[in-house]
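Chains as they are written, first to last, in numbering that gives the first Met the number 0: chain A, 0 to 270; chain B, 0 to 288.
Don't read these hints as lab results, they were simulated from the structure. Some hints here could point you the wrong way.
As the list claims (entries may be wrong) - Here are the simulated PhoX-like pairs of lysine-lysine, each with C-alpha atoms no more than 20 Å apart in a straight line: (1) A:Lys251 to A:Lys48; (2) B:Lys187 to A:Lys132; (3) B:Lys168 to A:Lys104; (4) A:Lys204 to A:Lys22; (5) A:Lys48 to A:Lys213; (6) A:Lys91 to A:Lys145; (7) B:Lys187 to B:Lys113; (8) A:Lys111 to A:Lys48; (9) A:Lys104 to A:Lys248; (10) A:Lys111 to B:Lys168; (11) A:Lys132 to B:Lys113; (12) A:Lys91 to A:Lys46.
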Amino acid sequence: MTEVQENTINEEVIEIGQKELSKNAIITNNLTVSFSGRPAIKNINCKIKRGTVTAIIGPSGCGKSTFLRALNYMHELTPKSEVTGEIIILGKDIRQYEMTDLRKKVGMVFQKANPFPTMSIYDNVISGLIFNKRYKRNYLDEKVQKCLEQAGLWSEVKNRLNDSAMSLSGGQQQRLCIARTIAVNPEIILMDEPTSALDPMSTLKVEELIYNLKSNYTIVIVTHNMQQAARVSDNTAFFFLGDLIEYSKTQKVFTNPDEKLTEEYVTGKFG
Amino acid sequence: MTAEEIYKNESYLVRRKIKNRVMLSLCYLAAILAVVPLIYIFFYTTAQGFSALNVDFFTKLPAPVGEEGGGMANAIVGTLLLVSIGSAVGIPVGVLAGIYVSEYSNSILSNIVKFVTDVLSGVPSIIIGIFAYGVIVIPMGNFSAYAGGFALGILMIPTITRTTEEMLKLVPHTLREASLALGVSRWKTTIRVVLKTASAGIITGILLAIARAAGETAPLLFTAFGNRFWSDSLDQPIASLPVQIFTYAISPYKDWHEQAWAGAFVLIFVVFIVNLLVRLVTRNKFRPN
Numbered sequence: 000m001t002e003v004q005e006n007t008i009n010e011e012v013i014e015i016g017q018k019e020l021s022k023n024a025i026i027t028n029n030l031t032v033s034f035s036g037r038p039a040i041k042n043i044n045c046k047i048k049r050g051t052v053t054a055i056i057g058p059s060g061c062g063k064s065t066f067l068r069a070l071n072y073m074h075e076l077t078p079k080s081e082v083t084g085e086i087i088i089l090g091k092d093i094r095q096y097e098m099t100d101l102r103k104k105v106g107m108v109f110q111k112a113n114p115f116p117t118m119s120i121y122d123n124v125i126s127g128l129i130f131n132k133r134y135k136r137n138y139l140d141e142k143v144q145k146c147l148e149q150a151g152l153w154s155e156v157k158n159r160l161n162d163s164a165m166s167l168s169g170g171q172q173q174r175l176c177i178a179r180t181i182a183v184n185p186e187i188i189l190m191d192e193p194t195s196a197l198d199p200m201s202t203l204k205v206e207e208l209i210y211n212l213k214s215n216y217t218i219v220i221v222t223h224n225m226q227q228a229a230r231v232s233d234n235t236a237f238f239f240l241g242d243l244i245e246y247s248k249t250q251k252v253f254t255n256p257d258e259k260l261t262e263e264y265v266t267g268k269f270g
Numbered sequence: 000m001t002a003e004e005i006y007k008n009e010s011y012l013v014r015r016k017i018k019n020r021v022m023l024s025l026c027y028l029a030a031i032l033a034v035v036p037l038i039y040i041f042f043y044t045t046a047q048g049f050s051a052l053n054v055d056f057f058t059k060l061p062a063p064v065g066e067e068g069g070g071m072a073n074a075i076v077g078t079l080l081l082v083s084i085g086s087a088v089g090i091p092v093g094v095l096a097g098i099y100v101s102e103y104s105n106s107i108l109s110n111i112v113k114f115v116t117d118v119l120s121g122v123p124s125i126i127i128g129i130f131a132y133g134v135i136v137i138p139m140g141n142f143s144a145y146a147g148g149f150a151l152g153i154l155m156i157p158t159i160t161r162t163t164e165e166m167l168k169l170v171p172h173t174l175r176e177a178s179l180a181l182g183v184s185r186w187k188t189t190i191r192v193v194l195k196t197a198s199a200g201i202i203t204g205i206l207l208a209i210a211r212a213a214g215e216t217a218p219l220l221f222t223a224f225g226n227r228f229w230s231d232s233l234d235q236p237i238a239s240l241p242v243q244i245f246t247y248a249i250s251p252y253k254d255w256h257e258q259a260w261a262g263a264f265v266l267i268f269v270v271f272i273v274n275l276l277v278r279l280v281t282r283n284k285f286r287p288n
């Protein structure tokens with residue numbers, strides 16, 4: 000094993016095999032994230048296939064969000080954080096990406112809807128584009144309509160695109176954030192408890208949306224809601240105290256898990 | 000004693016109500032005390048100065064001693080020029096320093112900057128005038144508008160830096176993350192999202208700094224110096240309203256006193272107009288929250 004660690008990044012990638020690389024959107028090897036020297040997740044090894052929805056479940060503080068945020072390098076802003084091990088996104092080591100390119104490929108939707116408060120609904124959708132470059136007006140018009148349609152929000156806001164984004168309800172704001180995320184053409188979308196602040200009807204809409212987005216994007220969703228994980232995901236990963244305890248097909252995790260701990264968690268014995 | 004018993008007990012309720020009344024009236028009193036001086040200054044200045052106001056005051060140079068009439072046209076223009084130069088120095092430095100302190104607050108340097116701006120805001124303005132005298136007037140060899148503007152700019156820096164920092168810190172962290180997650184670089188995030196969201200508060204800070212700079216006399220005494228005529232260029236001594244008011248107020252002539260009051264009135268009015276204009280121009284279409 001020591002030999003592997005001494006190899007350069009490229010050789011390790013070759014070792015994993017070209018076939019594996021093209022099949023999986025995300026591969027992590029011995030991924031450890033520490034804050035102030037204390038590991039929040041330890042030696043996570045997992046492969047997430049392209050075009051699937053993967054749910055990450057586990058009790059609070061088990062490292063779900065830490066894992067998710069490592070995938071698009073969000074820990075960069077946290078002082079005293081350290082990421083070791085390897086993350087391979089779309090066949091390329093994360094360290095080989097330009098940070099802005101990586102985050103365009105790997106979009107993120109947050110727990111609390113966070114549209115830009117000083118901007119209109121229209122501008123919010125295309126914010127990721129116009130912050131970086133100038134575009135033609137009719138291209139942007141089309142883009143706004145397409146993304147809002149994809150996010151299932153178009154019919155509700157098409158007559159008030161120039162209103163403040165803050166005039167929308169919480170559920171609409173969250174779908175606006177999803178529209179904003181897909182406007183920059185990502186291949187992977189990370190969702191950090193996207194419905195935990197929403198009412199049941201809005202949650203249902205977001206879940207439908209996730210189901211519809213599945214064909215075009217690889218989705219990783221952190222959730223506290225076990226039923227939600229069962230409803231929307233193909234695969235489920237169970238985290239506990241910083242370890243990845245079990246990772247397999249959602250149906251198997253919920254009906255016939257290998258680990259005793261997983262069973263106790265999904266049946267509500269703790270957590 | 001249960002809660003019900005407490006509520007039934009009249010004396011508790013009465014005591015609580017009295018306490019509430021006393022504290023509320025103290026608050027009212029404090030609020031009135033805070034507003035009274037402002038209103039008094041405003042009305043008194045208007046009453047004293049308005050009668051001396053006429054077209055000449057805005058268009059003519061000061062009249063020589065013994066002659067009636069004359070105005071403060073050069074001082075009004077001088078103050079506008081000095082404040083503009085001060086803003087050109089103070090606003091960029093202040094805002095950028097505020098961004099540094101707020102957005103890169105992990106470094107030791109940012110703590111030093113914070114400490115130093117706090118100290119700077121407590122430095123008497125006349126000391127800043129002496130500093131500008133040493134740095135600009137002595138090497139240049141004469142008093143000038145540049146030196147006066149520079150002194151005002153230095154005075155503006157701490158106010159602007161601290162308000163910018165405070166306002167940027169109020170911008171939720173999630174907005175920064177949202178922008179970064181869209182593949183927007185950090186500096187673009189700072190400008191397009193963080194600064195924009197905090198703009199109303201930052202502008203308030205800038206206006207405060209401008210208002211304070213416009214009314215400063217001490218740092219101008221040995222930098223811009225003053226001038227009874229129009230200045231040909233910015234490297235010459237220049238008149239300013241506060242210095243003109245000061246000179247006229249300590250003079251023994253009655254009509255100069257009246258003109259000084261008129262000058263004070265105009266100064267307040269100019270600051271008010273600048274406030275209004277900046278607010279209108281930078282108005283945000285959507286107020287956050």
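Right, here's what the structure says about each hint:
1. For the given pair, A:Lys251 sits about 17 Å from A:Lys48 by alpha-carbon distance, which is consistent with the 20 Å threshold.
2. Straight-line distance between C-alpha atoms of B:Lys187 and A:Lys132 comes to about 11 Å, which keeps the hinted pair within the 20 Å bound.
3. Note on B:Lys168 and A:Lys104: the hinted pairing is violated, with a Cα-Cα distance of about 29 Å set against a maximum of 20 Å.
4. Between the alpha carbons of A:Lys204 and A:Lys22 the distance comes to roughly 29 Å, so the proposed pair goes past 20 Å and is violated.
5. This hinted pair checks out: A:Lys48 and A:Lys213 have alpha carbons roughly 12 Å apart, not beyond 20 Å.
6. Proposed proximity of A:Lys91 and A:Lys145 is contradicted: the alpha carbons are some 29 Å apart, above 20 Å.
7. For the given pair, B:Lys187 sits about 24 Å from B:Lys113 by alpha-carbon distance, which is inconsistent with the 20 Å threshold.
8. Proximity of A:Lys111 to A:Lys48 is assessed by CA-CA distance (about 27 Å); at most 20 Å being required, the pair is judged violated.
9. For the proposed pair A:Lys104 and A:Lys248, the alpha carbon gap of about 25 Å is over 20 Å, so the pair is violated.
10. This hinted pair checks out: A:Lys111 and B:Lys168 have alpha carbons roughly 19 Å apart, not beyond 20 Å.
11. With a C-alpha separation of about 35 Å, the suggested pairing of A:Lys132 with B:Lys113 is violated against the 20 Å cut-off.
12. About 14 Å separates the Cα atoms of A:Lys91 and A:Lys46, which keeps this hinted pair within 20 Å; it holds.
When held up to the earlier numbered hints, the structure conflicts with 3, 4, 6, 7, 8, 9, 11 and fits the remainder.
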